[in-house]
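K.L.:
Protein chains in written order, with this note's numbering: chain A, 1 to 330; chain B, 1 to 330.
Hint data in this document are derived by calculation from the structure and do not stem from the laboratory. For each residue, glycine too, the CB sits at the ideal point set by N, CA and C. Be careful, since some hints might not be right.
Below, in silico cross-link-like pairs of lysine-lysine (BS3-like), each with a Cα-Cα straight-line distance of 30 Å or less [claimed, not checked]: (1) A:K270 <-> A:K33; (2) A:K250 <-> A:K234; (3) A:K250 <-> A:K270; (4) B:K33 <-> A:K322; (5) B:K250 <-> B:K234; (6) B:K172 <-> A:K33; (7) A:K106 <-> B:K106; (8) B:K250 <-> A:K270; (9) A:K270 <-> B:K270; (10) A:K250 <-> B:K234; (11) A:K270 <-> B:K322; (12) A:K322 <-> B:K270.
To be clear about the criterion: a stretch of chain B counts as covered by chain A if any three or more of its residues have a C-beta under 8 Å from a C-beta of chain A, and this derived list gives those stretches [unchecked claim]: (13) 52-62; (14) 174-186; (15) 206-214.
Read off the chains here:
Number of protein chains: 2
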Amino acid sequence: MTTRFDVLNIGNAIVDIIAHAEDDFLVRENIIKGAMNLIDTERAEHLYSVMGPASEQSGGSAGNTAAGIASLGGRAAYFGKVSDDHLGTVYTHDMRAIGVHYETAKLPGEPPTARSMIFVTPDGERSMNTYLGSCVELGPEDIDEEIVASSQITYFEGYLWDPPRAKEAIRKAADIAHANGRRMSMTLSDPFCVDRYRDEFLDLMRSGTVDLVFANEHELVSLYQTSSFDEAVKAVREDCEVTAVTRSEKGSVVVTRERTETVHAHPIEKLVDTTGAGDLYAAGFLFGLTNGRSLEDCARIGGMAAAEVIQHIGPRPQVSLKDMLAQEGL
Amino acid sequence: MTTRFDVLNIGNAIVDIIAHAEDDFLVRENIIKGAMNLIDTERAEHLYSVMGPASEQSGGSAGNTAAGIASLGGRAAYFGKVSDDHLGTVYTHDMRAIGVHYETAKLPGEPPTARSMIFVTPDGERSMNTYLGSCVELGPEDIDEEIVASSQITYFEGYLWDPPRAKEAIRKAADIAHANGRRMSMTLSDPFCVDRYRDEFLDLMRSGTVDLVFANEHELVSLYQTSSFDEAVKAVREDCEVTAVTRSEKGSVVVTRERTETVHAHPIEKLVDTTGAGDLYAAGFLFGLTNGRSLEDCARIGGMAAAEVIQHIGPRPQVSLKDMLAQEGL
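Chain A on its own, in the form it takes in the complex (with noise of 0.2 Å):
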């Protein structure tokens, strides 16, 4: 089948509120820093009530991913539940003004689009409280067959075990891609995520139902359960054919049989917002491998555009990530 995009990416589409907020403020409700934190609607409505001046911009990691890929120029499609309201207008607009293909059916009703307080720390560490809203009603039923079909790569994020039907909307994604002769790939998403479904998200590598792993190391360390990234990175050698592991500040490793390729990280003037670092850094990566790239490229292209979600507050690009290439010589 003729490959109509790079990559789809599938994914809880959520829209961000976002805040400032000191340490003490985060100890004070009993917010795990630098988590993504599952709330109800009731905590919601009490955090709302807490939460200083905020902005809304459209978020959630794999929508993230896929706004990156567009603003880097390359052919990006999404699959995410909103709802049919201010918010799931709001997110259907920023998606397809970026530039991204996204078609999938809104929810007629309740439970209103998803949304995730974020709690920005004077060091830019982000805090994140997430209302899963009409994220619950993803469903197999939402893959559209040709879109996965014509896609280079799905990329889903973890996260997506959270809500209930959504992980048999990614067994059928993949089923699908490989059936194609396309290839998986997923992001461990959070450390916690990591902890509640690690044994699924082992078997997603181990039985080769995901061919390209994305992961921060501490939910490498938290998947294979130790303090050591070296045992991790060890481990994750034998269960994934490619793993790309980012380390802030220490720039990015990948992975693969053969061997452990380190880049250094995109010089920052000043750390911002982390929101969104990991999902840019996948829409780096993601964009050069389909656009056969070196792994020590894609791995530069992921810290560049990493570099520049984290020095503005919100989680997408803020330039285009495209002459940003450009003028970095990329």
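Given chain A's structure and the hints, the job is docking chain B onto it.
P.N.:
Relative to chain A, chain B alone:
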């Protein structure tokens, strides 16, 4: 009566939808650059369909001023009309979260909460496209007499002459304020707004309905239909007790019957988005004035607050202006 608030702010309650755009986009879409363009539902839908990925933040000229005063540590109240919808909830949240007293009754149904699509060009200039929505319903019944009587200054935006009944609300507020020995202040808002209501604005000044006027140089020369700034200053000296005129990188000029005080612009690193510059200047100035500072100091504090807001996307302070004031020794 005891003073409960330093400044009561009255204005069009608007959520800003902010995106980057190139100059040729403004030309193609017939948007007057640097101005506030009023739009109807149909045009709002069209512009949103061609707008890039956006972020949403509470705005509205006098609303931004209220937020600025609260951020400086001043006691601020606000009157403005939102609807009982998602954006109305967001607007109310952001106002209260920064510490502004805001209790204006929400419109129970249509029209929806106002929004302004703001395009920020690479030079940092903002061009606004405002759908007034529920703001058209603001009227004298929204003027809480006790709050007007207990506020040192009541400040409002010239933009309030656009909706049909807000001017009646302002006249009512002015009567209450002056009967209680309080002062009235306004901003001329926008050169085209001045053009629409020139005679009425001059009458507000000459009749003593307004004691303190804020304007930028374009609005001031528009008011007197002259191309000479010096001529406009000479004219306004006769018409108003105190006028504070902002001149972008040239700083600001405070004009009274007796003298003219010129204050340099506050230094900045990089101009990102001018949205809110005038509103935050007014916030700093009014905070100074209601705290017994000299007119020169008022202009300096205004310049500082404006400098903060133009160095990031969005119309309201992203740091505590109170802390900034202390750091600057102002």
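K.L.:
Taking the hints in turn, state whether each one holds.
P.N.:
Hints versus structure:
Distance check on the hinted pair: A:K270 and A:K33 sit about 20 Å apart at the alpha-carbon level, within 30 Å; holds. A distance of roughly 19 Å separates the Cα atoms of A:K250 and A:K234; the hinted pair therefore holds under the 30 Å criterion. At roughly 16 Å between alpha-carbon atoms, A:K250 and A:K270 fall within 30 Å of each other, so this suggested pair holds. Between B:K33 and A:K322, the direct Cα distance comes to roughly 27 Å. Compliance with the 30 Å bound is thereby established for this hinted pair.
The suggested pairing of B:K250 with B:K234 holds, with an alpha-carbon distance near 19 Å, which does not exceed 30 Å. Straight-line distance between C-alpha atoms of B:K172 and A:K33 comes to about 50 Å, which puts the hinted pair past the 30 Å bound. With a CA separation close to 29 Å, the supplied pair A:K106 and B:K106 stays within the 30 Å bound. Pair hint B:K250 plus A:K270 holds up; C-alpha atoms about 29 Å apart against a cutoff of 30 Å.
Distance hint between A:K270 and B:K270 is fulfilled; the C-alpha atoms sit about 14 Å from each other, no more than 30 Å. For the proposed pair A:K250 and B:K234, the alpha carbon gap of about 62 Å is over 30 Å, so the pair is violated. Straight-line distance between C-alpha atoms of A:K270 and B:K322 comes to about 23 Å, which keeps the hinted pair within the 30 Å bound. For a cut-off of 30 Å, the pair hint linking A:K322 to B:K270 stands: about 23 Å separates their Cα positions.
A stretch counts as covered by a chain when three or more of its residues have a beta carbon under 8 Å from one of that chain; for the region 52-62 of chain B and chain A the count is 7, and the coverage holds. Only when three residues or more bring their CB closer than 8 Å to a CB of chain A does the claim for the region 174-186 of chain B stand; here the count is 0, and the claim is violated. Given a C-beta distance limit of less than 8 Å, the hint that chain A covers the region 206-214 of chain B is violated, as 0 residues qualify and 3 are needed.
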